[in-house]
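*Asks:* Chain residues, written in single-letter form:
Number of protein chains: 2
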Amino acid sequence: MRTSLTVAQAGEAATIAAIRQAAPSSLNGDDAAVLEPTGTNSRHVCSTDILVQGRHFTFDYSTPWEVGVKAVTQNFADIQAMGARPTAILMAIATPGDLPLQTVADIARGIDEAASPWAAELVGGDVVTSKDLVISITALGEISGPAAALTLDGAGVGQRIIASGPIGYSAAGLAVLRHYGSRKAIPANDPILNELADWHCAPRLEPGRGSVARATGASAMTDNSDGLIVDLCAIAERSGVCLDLDGAALVPDEKLRHAAQMTGKNPLEWIYTGGEDHTLLGTTDARMPSGYRRIGTVRSLSDEVGEDSPGGVDYVLVDGGRPPFSSGWQSV
Amino acid sequence: MRTSLTVAQAGEAATIAAIRQAAPSSLNGDDAAVLEPTGTNSRHVCSTDILVQGRHFTFDYSTPWEVGVKAVTQNFADIQAMGARPTAILMAIATPGDLPLQTVADIARGIDEAASPWAAELVGGDVVTSKDLVISITALGEISGPAAALTLDGAGVGQRIIASGPIGYSAAGLAVLRHYGSRKAIPANDPILNELADWHCAPRLEPGRGSVARATGASAMTDNSDGLIVDLCAIAERSGVCLDLDGAALVPDEKLRHAAQMTGKNPLEWIYTGGEDHTLLGTTDARMPSGYRRIGTVRSLSDEVGEDSPGGVDYVLVDGGRPPFSSGWQSV
Numbered sequence: 000m001r002t003s004l005t006v007a008q009a010g011e012a013a014t015i016a017a018i019r020q021a022a023p024s025s026l027n028g029d030d031a032a033v034l035e036p037t038g039t040n041s042r043h044v045c046s047t048d049i050l051v052q053g054r055h056f057t058f059d060y061s062t063p064w065e066v067g068v069k070a071v072t073q074n075f076a077d078i079q080a081m082g083a084r085p086t087a088i089l090m091a092i093a094t095p096g097d098l099p100l101q102t103v104a105d106i107a108r109g110i111d112e113a114a115s116p117w118a119a120e121l122v123g124g125d126v127v128t129s130k131d132l133v134i135s136i137t138a139l140g141e142i143s144g145p146a147a148a149l150t151l152d153g154a155g156v157g158q159r160i161i162a163s164g165p166i167g168y169s170a171a172g173l174a175v176l177r178h179y180g181s182r183k184a185i186p187a188n189d190p191i192l193n194e195l196a197d198w199h200c201a202p203r204l205e206p207g208r209g210s211v212a213r214a215t216g217a218s219a220m221t222d223n224s225d226g227l228i229v230d231l232c233a234i235a236e237r238s239g240v241c242l243d244l245d246g247a248a249l250v251p252d253e254k255l256r257h258a259a260q261m262t263g264k265n266p267l268e269w270i271y272t273g274g275e276d277h278t279l280l281g282t283t284d285a286r287m288p289s290g291y292r293r294i295g296t297v298r299s300l301s302d303e304v305g306e307d308s309p310g311g312v313d314y315v316l317v318d319g320g321r322p323p324f325s326s327g328w329q330s331v
Numbered sequence: 000m001r002t003s004l005t006v007a008q009a010g011e012a013a014t015i016a017a018i019r020q021a022a023p024s025s026l027n028g029d030d031a032a033v034l035e036p037t038g039t040n041s042r043h044v045c046s047t048d049i050l051v052q053g054r055h056f057t058f059d060y061s062t063p064w065e066v067g068v069k070a071v072t073q074n075f076a077d078i079q080a081m082g083a084r085p086t087a088i089l090m091a092i093a094t095p096g097d098l099p100l101q102t103v104a105d106i107a108r109g110i111d112e113a114a115s116p117w118a119a120e121l122v123g124g125d126v127v128t129s130k131d132l133v134i135s136i137t138a139l140g141e142i143s144g145p146a147a148a149l150t151l152d153g154a155g156v157g158q159r160i161i162a163s164g165p166i167g168y169s170a171a172g173l174a175v176l177r178h179y180g181s182r183k184a185i186p187a188n189d190p191i192l193n194e195l196a197d198w199h200c201a202p203r204l205e206p207g208r209g210s211v212a213r214a215t216g217a218s219a220m221t222d223n224s225d226g227l228i229v230d231l232c233a234i235a236e237r238s239g240v241c242l243d244l245d246g247a248a249l250v251p252d253e254k255l256r257h258a259a260q261m262t263g264k265n266p267l268e269w270i271y272t273g274g275e276d277h278t279l280l281g282t283t284d285a286r287m288p289s290g291y292r293r294i295g296t297v298r299s300l301s302d303e304v305g306e307d308s309p310g311g312v313d314y315v316l317v318d319g320g321r322p323p324f325s326s327g328w329q330s331v
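Chain order of the listed sequences is A and B.
Here the first sequence stands for residues 0 to 331, numbered as in numbering that gives the first Met the number 0.
Here the second sequence stands for residues 0 to 331, numbered as in numbering that gives the first Met the number 0.
In isolation and in its complexed conformation, chain A is listed as follows (with noise of 0.2 Å):
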């Protein structure tokens, strides 16, 4: 059932109801959602994102559904990084009195979409108008069991620096929308850049690969929401190690060479800069999870790497050296 009417013309109690009926979950609808746990030695994991319209997306190149989607994806991500299973959504809206309220039930609709393969479900929110549209995510989760979560400070040395999903796309498609201006003046003929387009405004993530991770004992993790090396940065000041990538498991494939072809950019700084790919990166000494591949060894840091290093760059090195790029995603 598609609505033409805007928020303002709707009010706060039938766009909630749009929302609700776009997201449906029987938690949703008291002052605030309860979670049952479902395992034993059961914690919560939480993470919230905010996302500014014209800052964080336009409607030029994603449509309302992809920006629920990515919404979904970026902080399941942090759970995810977490090694824990995502198990439910809040989003808080501000949004102009204008905006259409089929906008919102298709953000909503991208929100159920995205988190429906983790059986998780958008059970809380608010909505409230303002001159921006402002979108607030909180995602929950959960880790079971004995082990531990995943934090940023397990890296040892000798262990394996491992990832999974594609590093670079979403930055290869940012520069594909940009080089064209726009989503539809993308060739329709040429597949490749119109999937790099998707993938950056509705990157998904495989389910359970943090879970799956965790399982098999790694030893820290992220995802890449800021740039690879700013991501894995974070990983080795925590753990206090050097991760030295491998340049030969970071090459550009066929998609990445192709876009760099049609928008004169170096494939390169995407990888090692473009952040957004919500990749999950780690460490293991354990057996590899699946799912994932070895991107790089864990060394320890050399003597000379001190507070005074820009940027981090000797924390984070290209085989053995310094990385062809080294700048990250700033969202301040």
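In short, the hints are calculated from the structure, not lab data.
Treat the hints with care, as some may be off.
Derived EDC-like pairs (lysine to aspartate or glutamate); straight-line CA-CA distance at most 16 Å [unchecked claim]:
{"no.": "1", "chain 1": "B", "residue 1": "Lys-254", "chain 2": "B", "residue 2": "Glu-194"}
{"no.": "2", "chain 1": "B", "residue 1": "Lys-254", "chain 2": "B", "residue 2": "Glu-268"}
{"no.": "3", "chain 1": "A", "residue 1": "Lys-254", "chain 2": "A", "residue 2": "Glu-194"}
{"no.": "4", "chain 1": "B", "residue 1": "Lys-130", "chain 2": "A", "residue 2": "Asp-131"}
{"no.": "5", "chain 1": "A", "residue 1": "Lys-183", "chain 2": "A", "residue 2": "Asp-197"}
{"no.": "6", "chain 1": "A", "residue 1": "Lys-130", "chain 2": "B", "residue 2": "Asp-131"}
Label-pair distances were calculated between CB atoms; the ranges are [as the list claims (entries may be wrong)]:
{"no.": "7", "chain 1": "B", "residue 1": "Asn-265", "chain 2": "A", "residue 2": "Lys-130", "range": "32 to 40 Å"}
{"no.": "8", "chain 1": "B", "residue 1": "Gly-290", "chain 2": "A", "residue 2": "Ser-181", "range": "52 to 60 Å"}
{"no.": "9", "chain 1": "A", "residue 1": "Gly-38", "chain 2": "B", "residue 2": "Gln-260", "range": "55 to 63 Å"}
{"no.": "10", "chain 1": "A", "residue 1": "Ala-285", "chain 2": "B", "residue 2": "Ala-16", "range": "31 to 39 Å"}
{"no.": "11", "chain 1": "A", "residue 1": "Arg-177", "chain 2": "B", "residue 2": "Phe-58", "range": "31 to 39 Å"}
{"no.": "12", "chain 1": "B", "residue 1": "Ser-115", "chain 2": "A", "residue 2": "Val-250", "range": "49 to 57 Å"}
{"no.": "13", "chain 1": "B", "residue 1": "Ser-143", "chain 2": "A", "residue 2": "Arg-177", "range": "47 to 55 Å"}
{"no.": "14", "chain 1": "A", "residue 1": "Ala-147", "chain 2": "B", "residue 2": "Lys-130", "range": "38 to 46 Å"}
{"no.": "15", "chain 1": "B", "residue 1": "Ala-184", "chain 2": "A", "residue 2": "Asp-59", "range": "44 to 52 Å"}
Chain B is faced by these chain A residues, among others (derived, beta-carbon under 7 Å) [as the list claims (entries may be wrong)]:
{"no.": "16", "residue": "Asp-48"}
{"no.": "17", "residue": "Gly-123"}
{"no.": "18", "residue": "Gly-124"}
{"no.": "19", "residue": "Ser-129"}
{"no.": "20", "residue": "Asp-131"}
{"no.": "21", "residue": "Val-133"}
{"no.": "22", "residue": "Thr-137"}
These numbers were taken from a predicted model, which means no experiment stands behind them.
All C-beta atoms, glycine included, are put in the ideal place defined by N, C-alpha and C.
Got chain A sorted already, so can you dock chain B onto it with the hints?
*Replies:* Same frame as chain A, now just chain B:
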């Protein structure tokens, strides 16, 4: 340590550092925060709100510290209204680049102080730039043991309606602020007017009242956020009952009468429609939980009440008749 930097001058990392210094938590700083259960049969409870500057708060009336306090109060009220104990806060903040970093730190300090009576902490968040200042708060809580959460649908005919906390003070305080135009224009020698303005800007819950109500066997609960009639109507509709308030339990006290005299307003309107006191409102047929008072009786719905009753007036009565005021707070 005070700072004269703006958020844009400080950048993302220093802004996050200022927040973490103002509201420290050892659970903060990884991809997501992990919350350990503290009791048997532990269930987690979650709720979210989004606050827009100029709509939900203004620095003409409130200090940044008070904005932080109120954000916690309104979210912890939702957690307490489930009979749960608040455990953690997440704050995602979208801020203009020229906002003083000290303002963000003071908001975080208010959050930290308001959460501390529950031993709850600011365990995570997000910081981005935007045109409007928008603060999204997610509150997490916990219930343990066999008793169910206090939902909206548990009120039964013959039970008492109960309340913990002042009703109408927040609306009175807002009327005082509007009457004088700013906080500092309120006569300094009038402690009542200042107390009401303080309450509007930073209402505080008495910690533990939600858990106490659940422990004594209360049947339903919510909080006075949108207005007494509107919020009780939610219980009445979901429970299929009529809530008959006792007018004698809701007469304006000396403070409300004084503020009404000084502003030329009707204090009954503040009591019945004001909202934002975050007073806990519930029903019980068990013993009276400590810290609560009786404000009415649950009755059966009369036959003529139907879906078409505007404003739900027939779901909530005062001394068996229509309330003197019945519209409530609308945030869209």
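*Asks:* Each hint: holds or not?
*Replies:* These are the hints, each one checked on the structure:
1. Lys-254/B / Glu-194/B: Measuring from Cα to Cα gives roughly 9 Å; hence the hint holds.
2. Lys-254/B / Glu-268/B: Holds - the C-alpha atoms of Glu-268/B and Lys-254/B are around 15 Å apart, at most 16 Å.
3. Lys-254/A / Glu-194/A: 9 Å, holds
4. Lys-130/B / Asp-131/A: Holds - the C-alpha atoms of Asp-131/A and Lys-130/B are around 7 Å apart, at most 16 Å.
5. Lys-183/A / Asp-197/A: 12 Å, holds
6. Lys-130/A / Asp-131/B: 7 Å, holds
7. Asn-265/B / Lys-130/A: 32 to 40 Å: 33 Å, holds
8. Gly-290/B / Ser-181/A: 52 to 60 Å: 59 Å, holds
9. Gly-38/A / Gln-260/B: 55 to 63 Å: 60 Å, holds
10. Ala-285/A / Ala-16/B: 31 to 39 Å: Distance hint for Ala-285/A, Ala-16/B holds at roughly 34 Å.
11. Arg-177/A / Phe-58/B: 31 to 39 Å: 37 Å, holds
12. Ser-115/B / Val-250/A: 49 to 57 Å: 52 Å, holds
13. Ser-143/B / Arg-177/A: 47 to 55 Å: The hint (47 to 55 Å, Cβ to Cβ) holds, given that Ser-143/B and Arg-177/A are roughly 52 Å apart.
14. Ala-147/A / Lys-130/B: 38 to 46 Å: 41 Å, holds
15. Ala-184/B / Asp-59/A: 44 to 52 Å: Roughly 46 Å apart at Cβ, these two residues keep to the hinted range, so it holds.
16. Asp-48: Nearest chain B Cβ about 5 Å off; hint holds.
17. Gly-123: 6 Å, holds
18. Gly-124: 6 Å, holds
19. Ser-129: Cβ of Ser-129/A sits 4 Å from chain B, so the hint holds.
20. Asp-131: 5 Å, holds
21. Val-133: Nearest chain B Cβ about 5 Å off; hint holds.
22. Thr-137: Holds - the Cβ of Thr-137/A comes within 7 Å of chain B, reaching about 4 Å at its closest.
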